[in-house]
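K.L.:
Those sequence lines, one after another, are chains A and B.
So the first sequence is numbered by my numbering: it starts at 1 and just counts up by one.
So the second sequence is numbered by my numbering: it starts at 1 and just counts up by one.
If you are wondering where the hints come from, they were derived from the structure by calculation, not from laboratory data.
Note that the structure is predicted; figures quoted are calculated from it, not measured.
We treat Cβ as the ideally placed atom computed from N, Cα and C, and that holds for glycine.
Check each hint, because a few of them may be wrong.
Said to hold, decoys possible - For the chain B half of the interface with chain A, some residues (derived, Cβ under 10 Å), not all of them:
| hint | residue |
| --- | --- |
| 1 | R291 |
| 2 | R296 |
| 3 | K297 |
| 4 | S298 |
| 5 | A301 |
| 6 | K302 |
| 7 | D305 |
| 8 | L371 |
| 9 | R372 |
| 10 | I379 |
| 11 | L382 |
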Amino acid sequence: MIDFCDVYKIYQMGDYAVHALDGVSLHIEEGEFVSIVGASGSGKSTCMNIIGCLDEPSYGQYILNGRDVSHLSSNELANIRNRMLGFVFQQYNLIAKLNVLENVELPLLYQGVSSAERHARACESLARVDLSDKLKNLPSQLSGGQQQRVSIARALVSQPKVILADEPTGALDSKTGQDVINLLRQLNQEGHTIVLITHEENLAVQAKRMVRLSDGKIVEQCVMENSASF
Amino acid sequence: MKLLQSLIMALKSILANKLRSFLTMLGIIIGVAAVIILVGLVGGFSNNITSSFARLGANTINVMIMRGKTVTVKDIEGFALEHGEFFSAYTPNVSMGNATIKNRTDSLTTNVSGVNELAEQIDSIELAAGRFICYLDCESQRRVCVIGSYIAKELAVGLGDSIRINGYHFDVIGIKEQKDGGTASSADDVVYLPYTTTARLGRSQVSNYKLLVEDLNKINEASDILSDYLVEATGSENNFRIISAQAMTDTVNELTGTLSLVLVGIAGISLLVGGIGIMNIMIVSVTERTREIGIRKSIGAKQRDIMSQFLIEAIVTSALGGMLGIAVGAGLSVPLGKLMGLTAAVSPTAVSIAFGVSAGIGIIFGYFPALRAARLNPIDALRYE
Ligand SMILES: Nc1ncnc2c1ncn2[C@@H]1O[C@H](COP(=O)(O)OP(=O)(O)OP(=O)(O)O)[C@@H](O)[C@H]1O
Ligand SMILES: [Mg+2]
Numbered sequence: 001m002i003d004f005c006d007v008y009k010i011y012q013m014g015d016y017a018v019h020a021l022d023g024v025s026l027h028i029e030e031g032e033f034v035s036i037v038g039a040s041g042s043g044k045s046t047c048m049n050i051i052g053c054l055d056e057p058s059y060g061q062y063i064l065n066g067r068d069v070s071h072l073s074s075n076e077l078a079n080i081r082n083r084m085l086g087f088v089f090q091q092y093n094l095i096a097k098l099n100v101l102e103n104v105e106l107p108l109l110y111q112g113v114s115s116a117e118r119h120a121r122a123c124e125s126l127a128r129v130d131l132s133d134k135l136k137n138l139p140s141q142l143s144g145g146q147q148q149r150v151s152i153a154r155a156l157v158s159q160p161k162v163i164l165a166d167e168p169t170g171a172l173d174s175k176t177g178q179d180v181i182n183l184l185r186q187l188n189q190e191g192h193t194i195v196l197i198t199h200e201e202n203l204a205v206q207a208k209r210m211v212r213l214s215d216g217k218i219v220e221q222c223v224m225e226n227s228a229s230f
Numbered sequence: 001m002k003l004l005q006s007l008i009m010a011l012k013s014i015l016a017n018k019l020r021s022f023l024t025m026l027g028i029i030i031g032v033a034a035v036i037i038l039v040g041l042v043g044g045f046s047n048n049i050t051s052s053f054a055r056l057g058a059n060t061i062n063v064m065i066m067r068g069k070t071v072t073v074k075d076i077e078g079f080a081l082e083h084g085e086f087f088s089a090y091t092p093n094v095s096m097g098n099a100t101i102k103n104r105t106d107s108l109t110t111n112v113s114g115v116n117e118l119a120e121q122i123d124s125i126e127l128a129a130g131r132f133i134c135y136l137d138c139e140s141q142r143r144v145c146v147i148g149s150y151i152a153k154e155l156a157v158g159l160g161d162s163i164r165i166n167g168y169h170f171d172v173i174g175i176k177e178q179k180d181g182g183t184a185s186s187a188d189d190v191v192y193l194p195y196t197t198t199a200r201l202g203r204s205q206v207s208n209y210k211l212l213v214e215d216l217n218k219i220n221e222a223s224d225i226l227s228d229y230l231v232e233a234t235g236s237e238n239n240f241r242i243i244s245a246q247a248m249t250d251t252v253n254e255l256t257g258t259l260s261l262v263l264v265g266i267a268g269i270s271l272l273v274g275g276i277g278i279m280n281i282m283i284v285s286v287t288e289r290t291r292e293i294g295i296r297k298s299i300g301a302k303q304r305d306i307m308s309q310f311l312i313e314a315i316v317t318s319a320l321g322g323m324l325g326i327a328v329g330a331g332l333s334v335p336l337g338k339l340m341g342l343t344a345a346v347s348p349t350a351v352s353i354a355f356g357v358s359a360g361i362g363i364i365f366g367y368f369p370a371l372r373a374a375r376l377n378p379i380d381a382l383r384y385e
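Same shape as in the complex, but just chain A (with noise of 0.2 Å):
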């Protein structure tokens, strides 16, 4: 599903380089949860942002879903972010001034779906996350773990295969994380991929799989016993 090979992000400050990913290779089959932790700075969001086609790398191959996307045109990799991924933000990234129903429509409006299909499909989806009640509240009527609800529900509303969450848990306090986490786990049963950065260990060690990053490097992989027992 995705397949990392010997990838690089460099970022050129003045005179020195920054090795933010400095010769990643990583594969996750399709169906996997996988965490990916490590030191502030040691490069989980740079690798992140590759993976759901926000950044290029500078070397190296990204291969997604058995199509190269390292150097694909923007319209493209819109395209895959649109269709194929969804993303959970730390900050959660609703738009302000529309509604969370309007919110969690948007990606339906970039594909061109009907008003009717979209409205269905994001009820649908807010069902899910259990927002039915909020629809027309507006994202800062909200508290954060309900907002951060409602940016799951906007990221399951295109039925993407992978769902990335960057630290989703990182402005909630622990219980409501946890039940973010949850949620996360939930959807990977049902069969998306999830990828999901967080410097929790106790979080972390709730997925399938942990990498954990050091320095733009991965340091240490290690595949959890208890994770069946959910």
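Given chain A, put chain B with the ligands in place with the hints provided.
P.N.:
Same frame as chain A, but now just chain B with the ligands:
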């Protein structure tokens, strides 16, 4: 993404910032309203002038011979007869300037002109009483006159009475029918004499003529023929002047055309300034919404989607401004015209051009900010604080 969606999105975002959107539109509103009002007023002005020339007699040509070889009344008569297909009548027109008219006690000054018997046809004179000047009156230099209704009323004179013009006695042989309201300096404030009499009393030569061209379409051609003839007869084109209502109307139309171009140009500058205002606001709006653009891109908006979102917003802003401007312009044209004594009309051409221009301004000035938004890198946009 469908156009309708983009339109709804643009309207939402315009309504979300009502005051700012209105101020942005103001330049366009003023520009469009100014174009429509100015075109309307200039149109009314030019109609006014044209119709007052038409009253002068649209199908007459006035000739003024100032110097050069002498051209006699017989010469002009011969010329008019020779070109009968153009000229159906001619009259000398000897002006006494402002002459004093007196009955026993009252007096007034008015414009007195000496004409021949054909002036009745040329000026379409209709008589309320008596007769017009006849051929014999001219031949024998009779002291007879035809007066306008205003003179008759003011001096209380009737048919057969005697009046004094600059001290000379004249018999009133005809009174013109009231035609122009019967007020001072109107077509009813006139006195006609036989031209021979006028010339002798004024010790002047006949130098002005009026010729009638029945067919309005031939008036320019007739002017040319007359001009050619007079160049030869007087020796130079500087020796005479030909004035026709048509030529004056042409001049005025040319003048008002230039005038409206200048005024519309000034209004156009206001439109340009309005356009720059839109560009400015769009750039601010793109910067403000960088994060939103990043979010939209992260969930699959293409460059084209972002581009059309901002472009449509700019077009809708300026087109809304254009429509408000049209409403203001159309609403103000007529009352403003009334204030200036003109009948201003809202020209559909001006309205459609103004609307087209304002929408075009949205496209032109919205393009750059929209392109800037569309080209934002999704990662940079998402990180933007
Ligand atoms: N646009 C950029 N320009 C320059 N350097 C960058 C840029 N983006 C990231 N970096 C650098 O790349 C390295 C990796 O950054 P990244 O955001 O991937 O870290 P992270 O593991 O997500 O950290 P955190 O846990 O704090 O989110 C950092 O040293 C960072 O300074
Ligand atoms: Mg990060």
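K.L.:
State for each hint whether it applies.
P.N.:
Each hint, compared with the structure:
1. R291: Since chain A brings a Cβ to about 8 Å from R291(B), closer than 10 Å, the hint holds.
2. R296: 7 Å, holds
3. K297: 7 Å, holds
4. S298: 5 Å, holds
5. A301: Nearest chain A Cβ about 5 Å off; hint holds.
6. K302: At about 4 Å, which falls below the 10 Å cut-off, the nearest Cβ of chain A leaves the hint on K302(B) intact, so it holds.
7. D305: With a closest approach of 6 Å, the D305(B) hint holds.
8. L371: 13 Å, violated
9. R372: Violated, because the Cβ-Cβ distance from R372(B) to chain A comes to roughly 15 Å (cut-off 10 Å).
10. I379: 5 Å, holds
11. L382: 7 Å, holds
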